[in-house]
Amino acid sequence: MTTETESLQPQIGTNERPALDQEKSMIEIDDLSFSYDHGKTDTLKNITLKIPGNQVTAFIGPSGCGKSTLLRCLNRMNDLVETSKITNGSISILGEDIYGPRVDAIQLRKHVGMVFQKYNPFPKSIYDNVSYGLRIGGEKNKKRLDEAVERSLRSAALWDEVKDRLQSSALGLSGGQQQRLCIARTIAVQPKIILMDEPCSALDPIATAKVEELITELADEFTIVIVTHSMSQASRVSDNTAFYYLGELIEFDRTQNLFSNPSKKQTEDYITGRFG
Amino acid sequence: MPTPKPQKKNPFEKKKQSLFSKEVLIAIVLVVCTYFILACTFGVFGKIIANGAPVLAQYGTHFLTRSPETLVVTEVAEGENFVLPEDAFEVVELYNPKVEFKNTREGQTDEKTERFKIPAGVHAIPDGWVAELESANKGLYINWKSRNPDVDLVVEVAEDTVLTFDSANWEKFRTPIRDNMRVKRTELFNVKETTHTLVVKAGKTRLSKGVIGALDPTDLIYIIQSVLTDDDAASKLFDVEIPNQQTITVNDNIFNTVIGEGEGKLPTISASTDVLITDRSRVTIAAGHYLVPLTSYFDLKDANPGIQFSVRQGKREGVVMGEFPEDATLELPEALYADFIRENPALPVEHIETLSTPTTTITFDLGEPTDLSMPNTERNQLAIFNPSLKVEKEQSFSYSGGGVKGPLIGTALLVTLCIVVALFIGVSASVYLNEYSGKGKFLKTVRLAMLNLAGVPSIIFGLFGLMLFVIAAPRVTSTPAVNDKFKIPLFPSLSEPSMRKMEAEQILAVDSNTSTADAVIKAKTIGRAKFYKGWTFLSFEGWGTSLLAGGLTLAVMVLPVIITACEESLRAVPMGFREASLALGASKWQSIRTAVLPYAFPGILTASVLGITRVAGETAPIMFTAAVAAKSNSPFEITGEPGIVNATENFFLQSLQALPYHIYTVAGRIPQSEFTEPMQYGATLLFLIVVMGLAGLSVWLRIRARKKLKW
Amino acid sequence: MSKKATNKKSRGSFDGRGSGNFRILGLQLQDIIKAFFGGNAAIAVVVIALICFFLAREAYQFFPDYRAELEVYRKSGQEFVGFIDDEASKHQEIKSLAFQAYGYEIYHRTKQHEQILEVYNELRNRSKTAAKGVLELRQRAFDKGDSIAAELDPKIKEAAEAEYKAHNTRAEKVISEYLAEFTRDDLSTASLSTIPKEDFELVKKSVSESMTSKNKEDAEFILETKMLRDAASEAAAKALEPFYAGVMEISAARNELDKMIKELRPHALKTKQFAVAYESAEARKEALAEGSENATSEERRARLEIESKRVLTTPPNYEERNQILYDSIEAHSAAADSMLTQTRSGVAKLDASMLKSQDAIDRVAIIQKKSKKLSDEINKTENALRVWNHKEPYSGWKTFFGFFFGQKWVTNSTWQDFYGLAPLFSGSLIIAVIAIVISVPFSIGAAIYVNQIATQFEKTAIKPILEFIGAIPSIVLGLFGILVLGDFLQKVSAIEWLANLLPGFPIESRLNMLNAGLLLAFMAVPTIFTLAEDALNNVPRAHSEASLALGATKMQTVLKVVFPAAISGILAAVLLGFGRVIGETMVVLLVAGNRISVPDFTAGLGVITQPAHTMTGIIAQEMGEVGEGTLHWRALFMVGLILFLISLSLNWAAQSVIRKFSRHH
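Protein chains in written order, with my numbering: chain B, 464 to 739; chain Z, 6 to 716; chain H, 4 to 668.
Quick caveat, the hints were computed from the structure, so don't treat them as lab data. Every value quoted in this text rests on a predicted model; they were computed, and no experiment measured them. Cβ atoms here follow ideal geometry from the backbone N, Cα and C, with glycine treated the same way. There's no promise every hint is true.
[Unchecked claim] Below 20 Å or equal to it, Euclidean Cα-Cα: the simulated EDC-like pairs (lysine to aspartate or glutamate) are:
1) H/K557 <-> Z/E28
2) Z/K398 <-> Z/D376
3) Z/K529 <-> H/E631
4) Z/K527 <-> H/E308
[Said to hold, decoys possible] Pairwise CB distance ranges (calculated):
5) B/G635 <-> Z/V29: 35 to 45 Å
6) H/A162 <-> Z/L394: 48 to 58 Å
7) H/D34 <-> Z/M580: 53 to 63 Å
8) H/R287 <-> Z/I357: 31 to 41 Å
9) H/Q361 <-> Z/L394: 51 to 61 Å
10) Z/P338 <-> H/V487: 26 to 36 Å
11) H/A162 <-> Z/D115: 55 to 65 Å
12) H/A286 <-> Z/S151: 52 to 62 Å
13) B/S553 <-> Z/V29: 45 to 55 Å
14) H/K158 <-> Z/L394: 25 to 35 Å
15) H/E289 <-> Z/T200: 51 to 61 Å
16) H/N541 <-> Z/M580: 48 to 58 Å
17) H/E282 <-> Z/E266: 57 to 67 Å
18) Z/V29 <-> B/K548: 23 to 33 Å
[Stated by the list, open to error] Here are a few chain Z residues that face chain H, going by a calculated C-beta distance under 7 Å:
19) F260
20) I264
21) P374
22) M507
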């Protein structure tokens, strides 16, 4: 499977990127409408979007615009809400309709990881937190688990800070560390895509900086979709940005373009701070 | 959209069947756990309903309007023309749905009641008749002036009999019964009686058990150095010390036993014999019944050892001087009235009229020998109306007949008292905890105490209630018990206890100058339970097994539940309400009263229903504090001295039947049989309906309160 | 009154509004109100304090009093006799087991016929009751036909015979109707319901035959069975002759020791009566003297005075009375030795290979085990007797241990009362453990299901139902245990393959620890379920979301994340459930069987099917019948105090677990 993923990777390391709509997409959202109340009202309306692989894509927009909802549709976390329903359209990841009949949400989530707004490590040790995903996947080999934990913690730039106390409780870490631990936990299962739902909103500026740094580094390996409230954060970390308003996708473009040269009036108003 | 390559595998495809089946397995286990518990619940309810509902359906209101009684299963021989009053017949029919009562027909008998007048004044009445009059005339309470405790016996003299008496005894015997004694002939004669005077030697000796026994009624002071038991032989010797030389006088019998040669006889220095001559009367008494005081009866027997008398108890255990402050118009059933007149010839009774109430009776036939089961009351009726009833065999089952009226009322009373007290204290306490107290140490202590109180086993509350309320609670009384914990004198008492109360409650009246300690000692030594010295005390003697003790024990038990629930509902009232009220110039109490309590009311109501549910089902705390298995009158029929104070006291200090205790009695304390089952299941189902109804009510109230209280 | 006055005044000075003074007054009023409410709040503290006070006050005198009683027990030589008694009772166990084994074997060999006859008798009696009336009439008709009048007048005889026939036909009908509905499960003894169906039908037929035939003879089938039974039993007795000889030898082994006990027991008892009389002599003397002073009549005064003077106030001569005990030590050795040798030779004759009944074989195995221990027991007794000294004071520690670990709870005994907690505590504990072991998996399983998996509808329906269980009064469950569950368990446990599979089955007594434990398990469900569900509910959603986002399945999330996160809350729930169960009274009082003895743990897990008594049960049962302030009364309060402490410490443990838990989050 890894080989197939590689084939999807664009050339990285070059600043000159092909136009957004020409890139190979990792996630394709096609005319998606979504409702939380059995289809009475649509929270998301007719969204069509192609998210390219191995880049950071940011979702921005005012509160209640549906950006988090869309994010949670991508790994079917919205399934947990019993009254929710896809009323129209589809989402494909790696070319597979994730709401299709053959798809198991559990398997999907192994490929599409998620980092939450409020860091939420389990009340277990650091080691157990990181190895959790692998263990439930059936991995029992201690050596391989050790390797995976170290690799993930290194990737999450946390290894040096916690390597001496892997068996102590994760709840003893600072907020920023906890959030990075959650990221480490997510990448330990080697997902293709990592969804981040305002990952820095509960962190102080220094911790935020560290996490942002981490996000840009991870983009080499993973496709990252990040929901953020902060436009500056979006501009700092993302390659592409999508702007939503009232459940609709208003604009999607390279981040630089969107911020410097918005094509829609609403986008401009929002990023210049006229509403929201 | 890029079309997926056909050979490409779906990366998200469902796989790993084994994991999946483990999932299902666990889920199934969980489902089974849940539904197994549900099934058990329905099983328990179902079984009780299945067995109890037919009982309730069969007995219907009878079950609710009668108190528990002994159930009698009588094997009646076949026959015709059995008679029962209509209502009794209905009950018998109810109890024996399978029995065929043939040829039932209605008839009528008159129940006659005599109405008569006793003029004002003080009359001597046997106390058996006092009880009889009082039970036939509701509200009558005859006070005593004095009481002669002699018990009367009816001695039957079958034929003319010659009896012998000491002359002194004869007078004693004859005086109280002169009215109805028919003496045919009296004859005086003399008898010689021998007495012996012994001078007993001091010192240690050995006496046989027989000698010691004979010496027992004499005045000799001796000390046995060992313990006598019943299985020792009469000739067995015991070490005895006679402290000093003594002179005793004994009769012939004793003399012959204690004096003689050999081991075990009494060592004497000298013995002299005197002969006394006593007068005797030989009397011939006509056949008949004689009402004789108990002491005279013993004299009679002693003097005439050869004659057997047949004896039965008369309607007096003593004669009281009953006080009638004004003319009393009373009623008695016909048969009783006749006895009453016969046994009280000296009483100035004026007959007024004969009332007759027609009663419908049912006459029926039984084709074959039949087992009839019925409560004891109906069994008595059957015996009264069918004097020639032939009973082959009879079994009785305590508490298994009748219904559950007494227990039901008892439980209601207990629960009401408990909830009134618990709510009063509970609401006040929660108001304090939530509105007044800071976050101090006190608050912490109270909460800790409450948490722990909630976990204390109910039987411990029973012990607590027994100690505090039953044995040691304070009472204000002018007749304190001698074995109370301690007593505090308060003020001179307002009125003296009546003579009747003194007798009934074993009160010793002492001079008001006597010290309390002396009075206690005096009462104790002569075996009285209470004393009266014209002073009112706060006496820590407890309330006995009573409604008050039981209710308060339950209240204490349910307090944590109520406080916790009330606090919760108070906390749910938004802070803004209080602030708004205070800002408008209301005092703290005013704002609590007007802006907090009304909104917390639904929650408090729910709490109280929850509390009722909890206490109504409890048995252990009331076992030694309030409940009794049998009680003849309903809790509202208060007997005893008239007056609101007495009535209140008697009401709260009476013991009660209670439904859970009744179930315990019929389930655990009487032998099981098919005849006890209807009562067991019926009472249980009824109890379950009451408790579950309350539980349902509390759930419903909670839901309603939650819906309503949204601000 | 003064309030009113000030009020009026203030109204004047504040222009009728009076708010200023009212406030001052209001403040006073506020203080009163506050104090009043505060006082009520303090009641919880006061109650706890009073409970502690009363329990402690009644219990604290227990140990000194008990020690004094036991000291008398020692001084009077009862203790000495008690040692020999204990030794004898060990032999008694062996003896009765031997008789049981023999009885079981004989029954086993004749069982096939014996059971048929038992069923036959039961059915006969039951049909007799069912057709009572008509049978009675038939009897009368028969009597009429048998009378002298009938002898003389053939008409009467004829009429009587016709009547008899008519009644007989009716009786036949009634009985056959009754029997037709009767199935094997209706039999009163559960183990009989296993008799073969064809035999059962034959028995039914025989019953109606024998009851309606004129000569009232048993049907052929029954007669045949009886003959077979007699033959089988004779054959069995013959085959078991050597075995029976062993049994008899064991039985006779104790003769000498018994004789000794029979002599020593009354002697010691008498010394005790002596001692007790002496202990109370002073008080009695004083009471009599006081009584004579207050006597109502001169005659009575003189009597009481004499009686008072007659009371002996010198102590008994223990030295002399106990000498007979000291002298009997040698005789005891001889008696015990002969008991041992005879028992051994008797046991050697109990050859298990000639037995067929499993029950009998089991018993022989126990006998062999016990007889090996008998010599230890004898040595122990021997040593105890040799070092025994009536003058040695009874130590406080021994009293203390005697209470907490004593195996006997004996009250109202003519010999000696013992207050040993062990049988009650073990009963309480075993029942509570059964209840918790059964209740915990079900309640927690249900909590997980309702909290994590169930649909919304199930949640709203199941939760109130389970909470409703908590409202079922315990007395109702007790009654259910007596009337339904006991029989049910007995029937189930009589099923052959189950009885072979599980220890303790078939259950001998309807009321036992298992029965009580099951009911208490049911009672504990709402407590554990509600608290555990709360604990699960309190686990932050973020945890399960994180787990799901990592691709964990629902079950993995529940078991690996949610459940561990809630574990302390669940532990607290279990502890509180345990507290509730161990403090429950009515169910155990009604259902546990109330046998006061330490359960026989040699039965392994089967111990749970034995009857037992409990700490709560003993209080409820005996409290109402003891006098205030007696030793028995104090002992019961002591039990209450221990129960109270147990429940407090369970509460405390649960609270500290919860505290730890809440600190964690």
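Hints, one by one, checked against the model:
| no. | hint | result |
| --- | --- | --- |
| 1 | H/K557 <-> Z/E28 | holds (8 Å) |
| 2 | Z/K398 <-> Z/D376 | holds (9 Å) |
| 3 | Z/K529 <-> H/E631 | holds (17 Å) |
| 4 | Z/K527 <-> H/E308 | holds (16 Å) |
| 5 | B/G635 <-> Z/V29: 35 to 45 Å | holds (38 Å) |
| 6 | H/A162 <-> Z/L394: 48 to 58 Å | violated (28 Å) |
| 7 | H/D34 <-> Z/M580: 53 to 63 Å | violated (23 Å) |
| 8 | H/R287 <-> Z/I357: 31 to 41 Å | violated (59 Å) |
| 9 | H/Q361 <-> Z/L394: 51 to 61 Å | holds (55 Å) |
| 10 | Z/P338 <-> H/V487: 26 to 36 Å | violated (47 Å) |
| 11 | H/A162 <-> Z/D115: 55 to 65 Å | violated (42 Å) |
| 12 | H/A286 <-> Z/S151: 52 to 62 Å | violated (36 Å) |
| 13 | B/S553 <-> Z/V29: 45 to 55 Å | violated (29 Å) |
| 14 | H/K158 <-> Z/L394: 25 to 35 Å | holds (33 Å) |
| 15 | H/E289 <-> Z/T200: 51 to 61 Å | violated (34 Å) |
| 16 | H/N541 <-> Z/M580: 48 to 58 Å | violated (24 Å) |
| 17 | H/E282 <-> Z/E266: 57 to 67 Å | violated (38 Å) |
| 18 | Z/V29 <-> B/K548: 23 to 33 Å | holds (26 Å) |
| 19 | F260 | violated (19 Å) |
| 20 | I264 | violated (20 Å) |
| 21 | P374 | holds (4 Å) |
| 22 | M507 | violated (15 Å) |
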